[in-house]
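Using the hints provided, position chain W relative to the given structure of chain Y.
There are 2 protein chains.
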Amino acid sequence: MIRTSLATGQRSLGDRATAYPLFPPLTRGCPATSTGELAYPLEVVYDYDRVDRRLFDQEPGPDLARWAPLLPPLAAPTLGEGGTPLVELEGVFVKDESRNPTWSHKDRLNRVAVSAAVAAGAPGVVVASSGNHGASAAAYAARAGLPAIVLTSADSPPAVQAFARAYGARVLSVPAERRWPLLREIVDRLGYHPVSNQTVTHTGHPFGPEGYKTIAYELFLQLGAVPAAVFAPTGYAELLFGIWKGFTELRLLGLTGSTPRMYACESAAGSPHAHALDTGAPAAIVEAGPSAAYGIAGGVGGHRGVLAVRESGGEAVRVSDQELRAAQDALAGHGLWQELSGAAGLAAYRRLGRAFDGPVVCVATSSGFKDVGVGTRTFPVTENPTLEDLR
Amino acid sequence: MIRTSLATGQRSLGDRATAYPLFPPLTRGCPATSTGELAYPLEVVYDYDRVDRRLFDQEPGPDLARWAPLLPPLAAPTLGEGGTPLVELEGVFVKDESRNPTWSHKDRLNRVAVSAAVAAGAPGVVVASSGNHGASAAAYAARAGLPAIVLTSADSPPAVQAFARAYGARVLSVPAERRWPLLREIVDRLGYHPVSNQTVTHTGHPFGPEGYKTIAYELFLQLGAVPAAVFAPTGYAELLFGIWKGFTELRLLGLTGSTPRMYACESAAGSPHAHALDTGAPAAIVEAGPSAAYGIAGGVGGHRGVLAVRESGGEAVRVSDQELRAAQDALAGHGLWQELSGAAGLAAYRRLGRAFDGPVVCVATSSGFKDVGVGTRTFPVTENPTLEDLR
Numbered sequence: 001m002i003r004t005s006l007a008t009g010q011r012s013l014g015d016r017a018t019a020y021p022l023f024p025p026l027t028r029g030c031p032a033t034s035t036g037e038l039a040y041p042l043e044v045v046y047d048y049d050r051v052d053r054r055l056f057d058q059e060p061g062p063d064l065a066r067w068a069p070l071l072p073p074l075a076a077p078t079l080g081e082g083g084t085p086l087v088e089l090e091g092v093f094v095k096d097e098s099r100n101p102t103w104s105h106k107d108r109l110n111r112v113a114v115s116a117a118v119a120a121g122a123p124g125v126v127v128a129s130s131g132n133h134g135a136s137a138a139a140y141a142a143r144a145g146l147p148a149i150v151l152t153s154a155d156s157p158p159a160v161q162a163f164a165r166a167y168g169a170r171v172l173s174v175p176a177e178r179r180w181p182l183l184r185e186i187v188d189r190l191g192y193h194p195v196s197n198q199t200v201t202h203t204g205h206p207f208g209p210e211g212y213k214t215i216a217y218e219l220f221l222q223l224g225a226v227p228a229a230v231f232a233p234t235g236y237a238e239l240l241f242g243i244w245k246g247f248t249e250l251r252l253l254g255l256t257g258s259t260p261r262m263y264a265c266e267s268a269a270g271s272p273h274a275h276a277l278d279t280g281a282p283a284a285i286v287e288a289g290p291s292a293a294y295g296i297a298g299g300v301g302g303h304r305g306v307l308a309v310r311e312s313g314g315e316a317v318r319v320s321d322q323e324l325r326a327a328q329d330a331l332a333g334h335g336l337w338q339e340l341s342g343a344a345g346l347a348a349y350r351r352l353g354r355a356f357d358g359p360v361v362c363v364a365t366s367s368g369f370k371d372v373g374v375g376t377r378t379f380p381v382t383e384n385p386t387l388e389d390l391r
Numbered sequence: 001m002i003r004t005s006l007a008t009g010q011r012s013l014g015d016r017a018t019a020y021p022l023f024p025p026l027t028r029g030c031p032a033t034s035t036g037e038l039a040y041p042l043e044v045v046y047d048y049d050r051v052d053r054r055l056f057d058q059e060p061g062p063d064l065a066r067w068a069p070l071l072p073p074l075a076a077p078t079l080g081e082g083g084t085p086l087v088e089l090e091g092v093f094v095k096d097e098s099r100n101p102t103w104s105h106k107d108r109l110n111r112v113a114v115s116a117a118v119a120a121g122a123p124g125v126v127v128a129s130s131g132n133h134g135a136s137a138a139a140y141a142a143r144a145g146l147p148a149i150v151l152t153s154a155d156s157p158p159a160v161q162a163f164a165r166a167y168g169a170r171v172l173s174v175p176a177e178r179r180w181p182l183l184r185e186i187v188d189r190l191g192y193h194p195v196s197n198q199t200v201t202h203t204g205h206p207f208g209p210e211g212y213k214t215i216a217y218e219l220f221l222q223l224g225a226v227p228a229a230v231f232a233p234t235g236y237a238e239l240l241f242g243i244w245k246g247f248t249e250l251r252l253l254g255l256t257g258s259t260p261r262m263y264a265c266e267s268a269a270g271s272p273h274a275h276a277l278d279t280g281a282p283a284a285i286v287e288a289g290p291s292a293a294y295g296i297a298g299g300v301g302g303h304r305g306v307l308a309v310r311e312s313g314g315e316a317v318r319v320s321d322q323e324l325r326a327a328q329d330a331l332a333g334h335g336l337w338q339e340l341s342g343a344a345g346l347a348a349y350r351r352l353g354r355a356f357d358g359p360v361v362c363v364a365t366s367s368g369f370k371d372v373g374v375g376t377r378t379f380p381v382t383e384n385p386t387l388e389d390l391r
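Taken in sequence, the protein lines are chains Y and W.
Be aware that the first sequence starts at 1, since it is given in my numbering, and climbs by one per residue.
Be aware that the second sequence starts at 1, since it is given in my numbering, and climbs by one per residue.
Heads up, some of the hints might be wrong.
Derived DEER-like restraints, expressed as beta-carbon distance ranges [stated by the list, open to error]:
1) W:16 x Y:252: 51 to 61 Å
2) Y:252 x W:52: 53 to 63 Å
3) Y:299 x W:185: 52 to 62 Å
4) Y:56 x W:75: 46 to 56 Å
5) W:154 x Y:388: 13 to 23 Å
6) Y:90 x W:356: 41 to 51 Å
7) Y:188 x W:88: 46 to 56 Å
8) W:356 x Y:358: 31 to 41 Å
9) W:373 x Y:31: 42 to 52 Å
A few chain Y positions that, by computed beta-carbon distances, are all more than 10 Å from chain W [said to hold, decoys possible]:
10) 16
11) 32
12) 33
13) 62
14) 79
15) 159
16) 162
17) 165
18) 248
19) 254
20) 255
21) 310
Bear in mind the hints are in silico, worked out from the structure with no lab data behind them.
Everything numeric in this text was worked out from a predicted model, so none of it was measured.
Ideal Cβ positions, reconstructed from N, Cα and C, are used throughout, including at glycine.
So here's chain Y without its partners, still in its complex pose (with noise of 0.2 Å):
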């Protein structure tokens, strides 16, 4: 059984036809399809022929490098990530992905990125992130012996600020209008890999779904089959759209003879994706309004999640902060403290309010540690506690 990389090449999501070699990592979109308005990604193809079925008789464990022939080539070391639990609750299924190594999702498409950086002889990984990013970049970065530079802004919570200095990496709170003018100059005059986005609309790191795929691949092995639908946090879509690729690639292999509905569950003072399939563009820009779900409350879309809404027949759902709340607290309240972003896959379920026939996954995406406020607030001591100050 093959167990290395069987990646081919890179091919422009505008263009299904326009093809590209696996290396470099093509970080600024499809340079054939791409405008100046609207950028579109790539994504990674394989030698799907030459994939053994058995790959699929083994448990859904941590390190991604069990999925080595579906991903690109891993040359960043793991942290043990993925392989994380699914928590029924509510009819629904929960995928707790804040029991990766940084607590977040966001530790798969890294585990892939950083491995791209590496492979590139690149000498640093640069990210710009206010978040679950990255702080995630420079934990793989550390692991793989790598410098990492992060661009953070100040308005992420300061818990969330220790945590992205925590591994060492170059950290520089910088306003959020000069995070990507300064980012591309980094990887242009330092030869520093980039790890999110670069482009107009969101492209990021055309490797970075790929780490997402193996969501899918857990799922399919943790529930016996495929779920009906997918319920997401859905910020760039990167997320949902590897799920989706997951998916289609176990049908692919006649190992699913379906796939999910896959739901973009986006935060209401944004939601690009939902704007874009309103309106019929392939992705989209909106004002973003203020919202605590900082990790999913942006104005710039991608071209990814709309494709992963259409191609599966789902549809982007917008959820209010209120709604976020609500979600959030039913997961704490069934043992899950999540971020609020990460509490957006049960929101929007809740909110659709639709049957499926068959299995529902929410993915719940960080620690509820990394929310604006916490710690914050302090907490008044019973000096003298009697059985009636917990009535």
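Structure of chain W alone, referenced to chain Y:
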């Protein structure tokens, strides 16, 4: 193959010939051997002759129910605890327990202890804890649909206070000296099941360390061998004893021929187990000085840690906050951000500086998000950043 619990009773660690039925769990230590100055814990005994060795043919994934024959009855539902990865660095294997449902090792204990509360028909669960233990108990009680009371102290970090409150428990911040009397009152008058200690030297819940045994089972399967040494952060030593017991069971079942040396990795601020071992006492209470490693810096020890170290040929190792910080930095430098207490395993291994003839495991117990001071610091914004700011 028998897949249900083979637990048959409890026995005293003060005198292993003194036996009790499995229920009720003796949460105030062994009544026959304990004195006013020294309390002896109990442990669970099993019908080992009926254990099918094929139990150890499985993968070490999440949900302790996979080890049901060697655990007390698991009446409380899972949150997907256990199955944590092993990450190799600096020549040791780090068992990353921050990958549990509430991001610490305590989830293994609480799956088992909250199960005892459910099985005993208790109307609720009560716990005295300023950190991980309280939040984990609250999460498992929530999952089981039981009310929980958490007695915490004002000096736990604000983020950890939010953590303990996230799961819907009734949380009361009380002065440290009032915690244990109030806990006893809640147990006696409300009938709540206690999952933390009530005795003069530590005995804790008799079922608790059984949950930690599963770390030994996982290590055996992950390494394909018995480690030469295990370094575990040690507060009350339930973790240390539990891992030790798991390895003794593997030997008893004929699956292994050796057991590891067990190292109690204590904060030098307290180190009651080191003191007991130095003086030949079954357990000790010492004055505890200041330390930021609040998870392991108490003055109250118990007999379990003394047993595990003595019987295994290990040692208790005192580590300073400075040594803990160096180990914490080293772990983060490889991509693992641990709470200060959680780095005690690696800190003690480094301090001991001893070569072992076989794999060395350092247990890393908890996420860096739970540390004192996380989230209290703000970082300056660089208004007009250039590459010069990154030099």
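Hints and how they fare:
The hinted range of 51 to 61 Å is satisfied by residue 16 of chain W and residue 252 of chain Y, whose Cβ atoms lie roughly 59 Å apart. For the pair residue 252 of chain Y and residue 52 of chain W, the supplied restraint of 53 to 63 Å is violated, since their beta-carbon distance comes to about 40 Å. For the pair residue 299 of chain Y and residue 185 of chain W, the supplied restraint of 52 to 62 Å holds, since their beta-carbon distance comes to about 54 Å. Between residue 56 of chain Y and residue 75 of chain W the CB atoms are about 34 Å apart, so this pair departs from the stated range of 46 to 56 Å.
For the pair residue 154 of chain W and residue 388 of chain Y, the supplied restraint of 13 to 23 Å holds, since their beta-carbon distance comes to about 20 Å. Distance hint check: the CB atoms of residue 90 of chain Y and residue 356 of chain W are about 48 Å apart, consistent with the given range 41 to 51 Å. The hinted window of 46 to 56 Å between residue 188 of chain Y and residue 88 of chain W is violated, with their beta carbons roughly 36 Å apart. Restraint check, residue 356 of chain W to residue 358 of chain Y: a C-beta distance of roughly 51 Å breaks the suggested window 31 to 41 Å.
A beta carbon spacing of about 47 Å between residue 373 of chain W and residue 31 of chain Y agrees with the range 42 to 52 Å that was offered as a hint. A cut-off of 10 Å between C-beta atoms confirms that residue 16 of chain Y is not in contact with chain W; the least separation is 35 Å. Listed as outside the interface, residue 32 of chain Y is consistent with that label: its C-beta sits roughly 31 Å from the nearest C-beta of chain W, beyond the 10 Å cut-off. Distance check for residue 33 of chain Y against chain W: the nearest CB is about 31 Å away, which clears 10 Å, and the non-interface claim stands.
The beta carbon of residue 62 of chain Y sits about 4 Å from the closest Cβ of chain W, which is not more than 10 Å, so the claim that it is off the interface is violated. Residue-level check failed: residue 79 of chain Y sits 5 Å from the nearest beta carbon of chain W, not beyond 10 Å. At the 10 Å boundary, the C-beta of residue 159 of chain Y falls inside the reach of chain W, the nearest C-beta of that chain being 3 Å off. Not every Cβ of chain W is farther than 10 Å from the Cβ of residue 162 of chain Y; the closest lies at roughly 5 Å, contradicting the non-interface assignment.
In this structure residue 165 of chain Y is not separated from chain W by more than 10 Å, as the shortest Cβ-Cβ distance comes to only about 8 Å. At the 10 Å boundary, the C-beta of residue 248 of chain Y stays outside the reach of chain W, the nearest C-beta of that chain being 26 Å off. Against the 10 Å criterion, residue 254 of chain Y stays outside the reach of chain W, whose nearest CB is about 25 Å from its own CB. The Cβ of residue 255 of chain Y lies farther than 10 Å from every Cβ of chain W, with a closest approach of about 20 Å, so its non-interface assignment holds.
At roughly 33 Å from the closest C-beta of chain W, the C-beta of residue 310 of chain Y stays outside 10 Å, upholding its exclusion from the interface.
Hint violations for this structure: numbers 2, 4, 7, 8, 13, 14, 15, 16, 17, all remaining hints satisfied.
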